[in-house]
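Colleague: Sequence:
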Amino acid sequence: MEYNFAEIEKKWQAWWAEHQTFRVRAAAGRPKFYVLDMFPYPSGAGLHVGHPLGYIASDIYSRFRRLRGFNVLHPMGYDAYGLPAEQYAIQTGQHPEVTTAANIARYRRQLDKIGFSFDWSREVKTCDPAYYRWTQWAFIRMFNSFYSYEQNRALPVSELVRAFETSGTEGLRAACGKELSFSAAGWQAMSEKDRQETLMNYRLAYLGDTMVNWCAALGTVLANDEVVNGVSLRGGYPVEQKVMRQWCLRVSAYAERLLSGLDVIDWPASLKETQRNWIGKSEGAEIRLPLAPSSSGGGGGEVVVFTTRPDTVFGVTFMVLAPESAYVPALVTPGQRPAVEAYLASVKRRTERERMADRKVTGVFSGSHVLHPLTREPLPVWISDYVLAGYGTGAIMAVPAHDSRDYAFAKQFETELRAQLGGKCPIVPLIEGCDVSEESFDAKEGKMINSPQEGCVCGLVLNGLEVKEAIAKTKAYIEANNLGRVQVNYRLRDAIFSRQRYWGEPFPVYYDAEGMPQMLPEEALPLELPEVDRFLPAGTGEPPLGRAGRWAWDSVRKEVVATARIDNKTVFPLELNTMPGFAGSSAYFLRYMDPHNEKALVSREANEYWRSVDLYIGGTEHATGHLIYSRFWNKFLFDTGAVCEDEPFRKLINQGMIQGRSSFVYRIQNSNTFVSLNLKDRYEVTPLHVDVNMVENDVLDTDKFRAWRPEFAGAGFILEDGKYICGWAVEKMSKSMYNVVNPDDIVEKYGADTLRMYEMFLGPLEQSKPWDTNGIDGVHRFLRKYWRLFFEGGRLAVSDAPAGAAELKILHRLINKVQTDIEHFSFNTSVSAFMTGVNELTGLGCRKRAVLEPLTVILSPFCPHVCEELWSLLGHAGSIADATYPVYEERYTVEERFAYPVSFNGKVRFRKTLPLGLSREEIASAVLGDGQSAKYLEGRKPEKVIVVPGKIVNVVV
RNA sequence: GCCCGGGUGGUGGAAUAGGUAGACACGCAGGACUUAAAAUCCUGUGGGCAGUAAUGUCCGUGCGGGUUCAAUUCCCGCCCCGGGUACCA
8 MEYNFAEIEK KWQAWWAEHQ TFRVRAAAGR PKFYVLDMFP YPSGAGLHVG HPLGYIASDI
68 YSRFRRLRGF NVLHPMGYDA YGLPAEQYAI QTGQHPEVTT AANIARYRRQ LDKIGFSFDW
128 SREVKTCDPA YYRWTQWAFI RMFNSFYSYE QNRALPVSEL VRAFETSGTE GLRAACGKEL
188 SFSAAGWQAM SEKDRQETLM NYRLAYLGDT MVNWCAALGT VLANDEVVNG VSLRGGYPVE
248 QKVMRQWCLR VSAYAERLLS GLDVIDWPAS LKETQRNWIG KSEGAEIRLP LAPSSSGGGG
308 GEVVVFTTRP DTVFGVTFMV LAPESAYVPA LVTPGQRPAV EAYLASVKRR TERERMADRK
368 VTGVFSGSHV LHPLTREPLP VWISDYVLAG YGTGAIMAVP AHDSRDYAFA KQFETELRAQ
428 LGGKCPIVPL IEGCDVSEES FDAKEGKMIN SPQEGCVCGL VLNGLEVKEA IAKTKAYIEA
488 NNLGRVQVNY RLRDAIFSRQ RYWGEPFPVY YDAEGMPQML PEEALPLELP EVDRFLPAGT
548 GEPPLGRAGR WAWDSVRKEV VATARIDNKT VFPLELNTMP GFAGSSAYFL RYMDPHNEKA
608 LVSREANEYW RSVDLYIGGT EHATGHLIYS RFWNKFLFDT GAVCEDEPFR KLINQGMIQG
668 RSSFVYRIQN SNTFVSLNLK DRYEVTPLHV DVNMVENDVL DTDKFRAWRP EFAGAGFILE
728 DGKYICGWAV EKMSKSMYNV VNPDDIVEKY GADTLRMYEM FLGPLEQSKP WDTNGIDGVH
788 RFLRKYWRLF FEGGRLAVSD APAGAAELKI LHRLINKVQT DIEHFSFNTS VSAFMTGVNE
848 LTGLGCRKRA VLEPLTVILS PFCPHVCEEL WSLLGHAGSI ADATYPVYEE RYTVEERFAY
908 PVSFNGKVRF RKTLPLGLSR EEIASAVLGD GQSAKYLEGR KPEKVIVVPG KIVNVVV
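In my numbering, the protein residues as written are 8 to 964.
In case anyone wonders, no lab produced these hints; they're calculated from the structure.
Backbone N, C-alpha and C fix where the C-beta goes; we use that ideal spot for every residue, glycine too.
With a cut-off of at most 30 Å between alpha-carbon atoms, the simulated DSS-like pairs for lysine-lysine come out as follows:
1. Lys288 with Lys249
2. Lys742 with Lys776
3. Lys480 with Lys451
4. Lys658 with Lys288
5. Lys367 with Lys418
Label-pair distances were calculated between CB atoms; the ranges are:
6. Gly648 with Arg30: 22 to 32 Å
7. Leu187 with Pro341: 26 to 36 Å
8. Arg716 with Ala34: 51 to 61 Å
9. Gly226 with Arg283: 28 to 38 Å
10. Glu538 with Leu695: 42 to 52 Å
11. Glu628 with Glu538: 25 to 35 Å
12. Ser678 with Glu799: 53 to 63 Å
13. Arg30 with Gln98: 34 to 44 Å
14. Glu247 with Pro336: 21 to 31 Å
15. Trp127 with Glu691: 53 to 63 Å
16. Arg788 with Asp273: 35 to 45 Å
17. Gln203 with Ala545: 22 to 32 Å
18. Glu691 with Thr849: 50 to 60 Å
Start from the sequences and build out the full structure, keeping to the hints where you can.
Modeller: If you want it as C-alpha cells, here you go:
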C-alpha cells in the first residue's frame with residue numbers, strides 16, 4: 008500500500024468535520040488550555056505559505072495539549088473590517104460585505120486543507136452585527152466610565168458626578184484631558200451642557216479636539232501606529248497634522264498598569280521592551296517659571312516646564328516653547344510679533360516628513376523673559392519646533408551643557424543668546440570634568456559643580472553630589488518651596504477612535520438638540536451598518552455614512568429611522584464616523600469563550616472557566632497597536648467586573664516572517680537570450696525576476712518560461728551542464744517579485760502533513776527565514792519512510808511481539824525529546840528527532856505495535872492525517888486526538904555517558920566513560936578511584952568534587 | 001543616535017547552568033537496482049598536512065584580547081547583518 012496523502016487527507020478532514028472532533032465545551036474539573044492565533048484579515052490575495060506558520064505551531068501545541076488530557080480551546084475567526092475591502096469597493100462598486108464574504112470563504116478552504124484542529128463552531132467575524140454589538144457595548148461602557156487614580160481603576164461616571172456635587176474637584180485624582188478646578192457650588196451653577204462638557208474631560212471614551220494624523224488621500228484620520236515615517240502604513244500616502252473633533256479612548260489613563268503588567272506576563276523580552284518604549288514613562292518634575300515683570304503678560308504670569316533633569320536647573324540659560332504651545336500668544340511682544348508669525352507660518356508649512364528629513368535648527372525669540380526659579384535672573388523665551396506641543400507641558404527649560412538638542416540650539420543662536428544674557432556664555436557645565444566645547448554631556452553620571460555655595464539666597468547646594476542624588480535633592484527642594492511638583496509623564500497617547508470610513512463598526516451615538524453626544528440604550532444594540540449608494544466620503548466632507556438615508560435615531564420609538572425625518576425634538580442625527588480597525592480585535596479572544604451568547608459578551612461561567620489566553624501566537628507588527636489596545640480594553644472590562652483576568656495573554660510567541668526566495672534569470676542586453684547563473688559574468692546582463700513556480704532546485708523549466716509571456720516565446724538560453732541555473736535572493740514575499748508560494752500548490756504536490764512538518768523544520772519558530780521549496784523533498788521522504796514502517800509486501804505487517812531494548816530506547820528517547828521540545832516551542836528540533844528515530848527503527852527493521860503505536864501518537868500533532876489513518880489501520884475506532892500521550896520511562900534510555908575528570912596545569916587530560924544513573928557521590932568515587940586519576944591525584948588531597956550528572960566532574964585540589 | 005536580537009560547512013540549521021562542534025535535512029560525489037529514466041536504497045561529504053590504507057595530526061563557530069584544565073557558550077573591545085524607535089526634555 009502506498010502513502011496516498013491526497014486520499015488520506017481528504018478522508019480525515021471530512022471525518023473530523025462530520026464527527027465535530029475539535030468541538031470543545033467548558034468542563035468544570037477538567038484542566039483547560041486556551042491556544043489562540045492572531046486572527047487574519049481576509050485579504051483578496053489569499054493565504055501564502057508564510058501565513059500558516061504560526062497556525063501550524065499553535066495547532067501542534069493544541070493537539071499536543073489535548074493528548075495530554077487538557078480541554079483545549081483553539082478557535083479561529085476573521086478580522087473582517089478593514090481598508091482594503093473599502094478601497095476595492097470604491098474602485099469597483101462591489102459591496103465590501105460581498106468581497107469580504109468571498110475572501111473569508113477562500114481563506115476557510117485554504118485553512119481546511121492544512122488540517123487544523125480549530126473549533127469552527129466558535130468562529131467570530133468582526134463585521135457580524137452579533138459580534139460588533141459587543142464592541143459597541145464596550146464603547147458605551149467606556150463613555151460611562153472615568154479613571155480614578157485613587158483606586159487605580161475605572162469607575163462609573165455617576166460616582167464622579169456625586170463627587171462634583173459634594174466637593175467639586177477638591178481632592179479629585181482622576182485621569183483627564185486638562186486639569187479643571189471648580190467647587191461644588193460651581194458645579195451646581197453649571198448649565199446641563201457645561202456639565203456634559205466637563206464630564207467629557209474625564210470619560211474613558213470621549214469626544215475631544217485633538218491633533219490628528221489626517222490622510223487626505225484616504226479621507227480619514229489614522230492612529231499613531233498607522234503612520235510610519237510621515238506616510239500612511241497602508242498605501243504610503245502623505246499624512247498631515249490637523250485639529251479635529253474625534254472620539255478618543257483614554258488609553259493613557261492605563262499607562263502605569265499597562266507598564267507594570269508587563270512584569271507578570273510571559274512575552275518575548277524584545278516585545279515587552281517595545282511596549283515599554285511606546286508607553287515611555289519618564290519621571291521628572293514640573294517647574295514653574297514666573298514671567299519677568301517687563302514681559303507683555305505683566306505680573307503674575309508663569310510658564311510651567313517639564314524636565315527629567317531638575318539637577319541641571321543651574322545650567323538653564325533660556326527657555327523654549329513649542330510653536331503650538333498655548334503660552335505663545337501671551338508671551339509674544341508686539342515688537343517680535345511679525346517675526347514670530349512668520350516663523351509659525353513656516354513651521355506649519357513644513358510637513359512632518361520634511362521636518363524629519365531635514366533637521367535644521369530653527370527658532371525665533373518671543374520677546375519675553377521669565378525669571379530663573381532660583382537665581383531670579385531673567386531668561387529669554389524662545390519658540391522652536393524641536394519642542395513638541397504634545398509632550399510634557401510643551402515648554403522646556405534649556406540646559407545646553409547637558410542636552411544635545413538644547414546644545415545645538417544654543418550653538419545656532421549663540422550670538423543672540425549671549426547678547427540677551429548680558430554677554431555670558433549660554434553653555435554652563437555642571438558636572439565635574441566634562442568637556443562641552445564640542446558637544447553636550449548628556450550622561451547622568453558624575454559629580455555636580457557650579458551650583459551656588461553654602462549660605463546662598465536659595466539654599467540649594469548641589470556641588471559634590473552625584474547626579475542621582477542631585478536629582479532627588481532638587482525634586483524635594485522644588486516641592487518644599489512650592490516651585491513646582493514631582494511629575495511622571497508618559498509618551499503613550501490616547502487612541503483616536505473615529506475613522507471617516509464606511510467599512511467599520513458604527514458608533515452607538517446620536518447628537519441631541521444641543522448637539523451633545525448621547526449613547527443609544529444598550530437594548531438597541533447592535534446598531535447595524537446602513538446601506539449607502541457609494542462608499543466614498545460625501546461631497547460635503549462628511550464620512551461615507553453621510554450618504555446613508557436611513558441614519559437617524561428616534562429617541563422615543565428607540566429605533567433607527569430615515570435622516571429625512573430629523574425634527575430636533577425626538578429624531579436626531581447619528582454619528583457618521585465608524586470605529587477603527589483595532590476596535591473589533593480588542594476583545595475577540597473573550598468572545599470565543601462564549602460566541603453565541605446574546606445576553607453578554609461572555610458569560611461569567613464561561614469566562615471563569617477559560618479565563619485568559621494561555622498561549623498567543625502572532626507577529627511582532629502588532630506590538631504597539633493591537634497588543635496595547637487589547638490589553639487596555641481587557642483591563643477596562645476587568646475593572647467593570649465583566650471579565651476575571653487583568654491581563655488577556657499570559658504567554659505570547661512571535662512567529663518569524665517567512666520571506667520569499669526570488670529567482671532571477673539573466674538577459675543579455677539588447678537580446679532575447681538568457682544566460683545561466685555561473686556564466687553571466689561573461690556578458691552584460693539584466694537580471695529579471697522569474698516566477699518561482701517555474702523553477703525547481705534553482706533549475707529553470709525553460710519550456711514553462713517560454714510559455715510564461717509572449718515576449719519570451721522565442722527566448723534563447725545559454726546553459727551550463729545542459730541546465731539553466733537561476734540566481735536567487737531573499738525578499739519579501741509578494742506578487743511583484745513572483746516569489747509567492749501558495750500553500751494549496753504544496754498541499755497538492757506533497758500533502759498537508761508534509762507542508763506542516765516542513766514549515767516547522769525550516770528553522771526556529773521565532774526566526775524569520777526564507778521559504779525554500781528545495782528542502783521539502785526530505786520531509787516528504789521521511790513521511791513515506793514512516794509509512795513504510797507499517798507495511799511489508801504491500802500489506803499491513805505490524806506484529807504484536809514484545810519490543811526489544813534497542814527499540815524501546817529509540818521510542819523513549821523520542822518521547823522525551825519531542826515532549827520537552829514541544830514544551831519549549833522548539834518544533835524544528837522535534838522534527839529532526841523524528842527523522843533520526845524513524846531512520847533508526849528502519850535500520851532495525853522494527854514493525855512492532857509496542858513501538859509504532861506510541862510513536863504514531865507523539866507524531867500526530869505534526870502530521871495528523873497520516874497518523875489518523877495508521878491509527879485506524881491499527882484497529883482503533885475514533886480519532887487519534889482522543890488517544891493519550893505515552894509516558895516517558897527513563898529506564899529504557901539509560902546509556903553510557905562521558906564524565907570528564909579534570910586535570911590541572913594542562914598537563915594531564917583524561918576521559919572516562921561511566922554509566923548513567925550514578926549518584927554524584929558514586930561518580931566522584933569512581934573518578935577518583937580510577938587508576939590514572941588516583942596516580943595523578945597522588946599526594947594531593949581533593950578539597951572539593953563538583954559533579955554534574957552525565958556531564959562533568961570537577962575536582963578542586 | 002538609542003534599545004533589542006543575531007553572525008557556526010556549499011545551503012537551512014543542531015549543540016550554550018562551559019565538557020566529543022557541525023545532529024537532522026538540502027545539495028554534491030560515488031555506488032546498488034533498472035535496457036534507460038524516475039522512484040527507492042546504500043556510502044562519503046568543514047579545511048590542511050602525512051599515509052596504499054585503517055588511521056594520525058594540526059587548524060577551524062565574524063575579528064582582536066581575557067578568564068579557565070577546557071570557550072560556539074562567560075568577560076572586555078571592535079566589525080558586520082536584522083528588527084524596533086526616534087527631536088518625548
